[in-house]
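Chemist: The listed protein sequences correspond, in order, to chains A and B. Following our numbering, the numbering of the first sequence begins with 1 at its first residue and continues without gaps. Following our numbering, the numbering of the second sequence begins with 1 at its first residue and continues without gaps.
These are computed hints drawn from the structure, not numbers from a lab.
Derived lysine-lysine pairs resembling DSBU-like cross-links, with alpha carbons at most 35 Å apart:
hint: 1; chain 1: B; residue 1: 89; chain 2: A; residue 2: 51
hint: 2; chain 1: B; residue 1: 91; chain 2: A; residue 2: 29
hint: 3; chain 1: B; residue 1: 70; chain 2: B; residue 2: 91
hint: 4; chain 1: B; residue 1: 143; chain 2: A; residue 2: 82
hint: 5; chain 1: B; residue 1: 70; chain 2: A; residue 2: 83
hint: 6; chain 1: A; residue 1: 95; chain 2: B; residue 2: 144
hint: 7; chain 1: B; residue 1: 78; chain 2: A; residue 2: 51
So the derived label-pair ranges between C-beta atoms look like this:
hint: 8; chain 1: B; residue 1: 25; chain 2: A; residue 2: 3; range: 19 to 27 Å
hint: 9; chain 1: A; residue 1: 10; chain 2: B; residue 2: 25; range: 29 to 37 Å
hint: 10; chain 1: B; residue 1: 107; chain 2: A; residue 2: 98; range: 24 to 32 Å
hint: 11; chain 1: B; residue 1: 42; chain 2: A; residue 2: 100; range: 18 to 26 Å
hint: 12; chain 1: B; residue 1: 135; chain 2: A; residue 2: 72; range: 42 to 50 Å
hint: 13; chain 1: A; residue 1: 3; chain 2: B; residue 2: 96; range: 34 to 42 Å
hint: 14; chain 1: B; residue 1: 14; chain 2: A; residue 2: 81; range: 27 to 35 Å
hint: 15; chain 1: B; residue 1: 130; chain 2: A; residue 2: 49; range: 36 to 44 Å
hint: 16; chain 1: B; residue 1: 9; chain 2: A; residue 2: 10; range: 52 to 60 Å
Quick caveat: nothing in here was measured; it's all calculated off a predicted structure. Beta carbons: idealized from backbone N, C-alpha and C, even for Gly.
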Amino acid sequence: MEEFQVINNYLMIKLPEEVDHHQATTICKKADHYILQQNVSNVVFDFEDTKFMDSSGIGIIMGRYRKISCFGGKVYAIHMDKKMERMFDMAGLNKIVEVLE
Amino acid sequence: MMTQMNEQKNEMEISFDAVSQNESFARVAVAAFVTHLNPTMEEIDDVRTAVSEAVTNAIIHGYEKRDCGKVYLHCRLKGDVLQIEVMDKGKGIENIERAMEPLFTTRPDLDRSGMGFAFMEAFMDDLEVESEVGKGTTIRMTKKLGSSAWVDSED
Numbered sequence: 001m002e003e004f005q006v007i008n009n010y011l012m013i014k015l016p017e018e019v020d021h022h023q024a025t026t027i028c029k030k031a032d033h034y035i036l037q038q039n040v041s042n043v044v045f046d047f048e049d050t051k052f053m054d055s056s057g058i059g060i061i062m063g064r065y066r067k068i069s070c071f072g073g074k075v076y077a078i079h080m081d082k083k084m085e086r087m088f089d090m091a092g093l094n095k096i097v098e099v100l101e
Numbered sequence: 001m002m003t004q005m006n007e008q009k010n011e012m013e014i015s016f017d018a019v020s021q022n023e024s025f026a027r028v029a030v031a032a033f034v035t036h037l038n039p040t041m042e043e044i045d046d047v048r049t050a051v052s053e054a055v056t057n058a059i060i061h062g063y064e065k066r067d068c069g070k071v072y073l074h075c076r077l078k079g080d081v082l083q084i085e086v087m088d089k090g091k092g093i094e095n096i097e098r099a100m101e102p103l104f105t106t107r108p109d110l111d112r113s114g115m116g117f118a119f120m121e122a123f124m125d126d127l128e129v130e131s132e133v134g135k136g137t138t139i140r141m142t143k144k145l146g147s148s149a150w151v152d153s154e155d
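All chains should be built: construct the whole structure from the sequences, respecting the hints.
Modeler: Right under this line is the structure:
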């Protein structure tokens, strides 16, 4: 299960084991609720528990970036594996998302 | 001994409802089908990603989430080469070339990234797309598997 936590103005999203289209629908909905209701300006995606991701994961991040970047917010990604980094690079997300570790 | 294994053929076919719960089912089914070839973790993960992209496309775009169609998954093994066919009888693709462009999507409203075909191309050895508007779409992908098993079996 995905987990959401707001620390200061950072929304931490711990992504589930499998990030696909089925999971993405709920994650996007919940994330947008936090972004709008709790005025968070930055989003951190944590891939620590994630063992599988397809292009739906890229879509989740792109969509959240669009929502917060116009207010000067930033998007971060932590605990990504090599495959995820490759997918990030192919989609050009490495230019808009700060990858940590 | 290894050359004998190379001649082996195997085939499986399943169809399932075009609902998002079945995306993970399709990935697991294909991964299980090829386990006896001892593919590497990366190879399995690449296949899982490609299957996920093709099946998700069929569900979201082919049937436009109307939950009223079936996705047909057909896998063939010829030696260590896996052929995957994902077919839907949905609305079809008007412009295949454009659909395959990285970052192009007709559904940004659904938070789609437009990377589906790019990932299928990147993670499989070969990708073919056949589509007819109003009739449906067939995705054919191939990938050679278990190449590392040869190295592992040396000692």
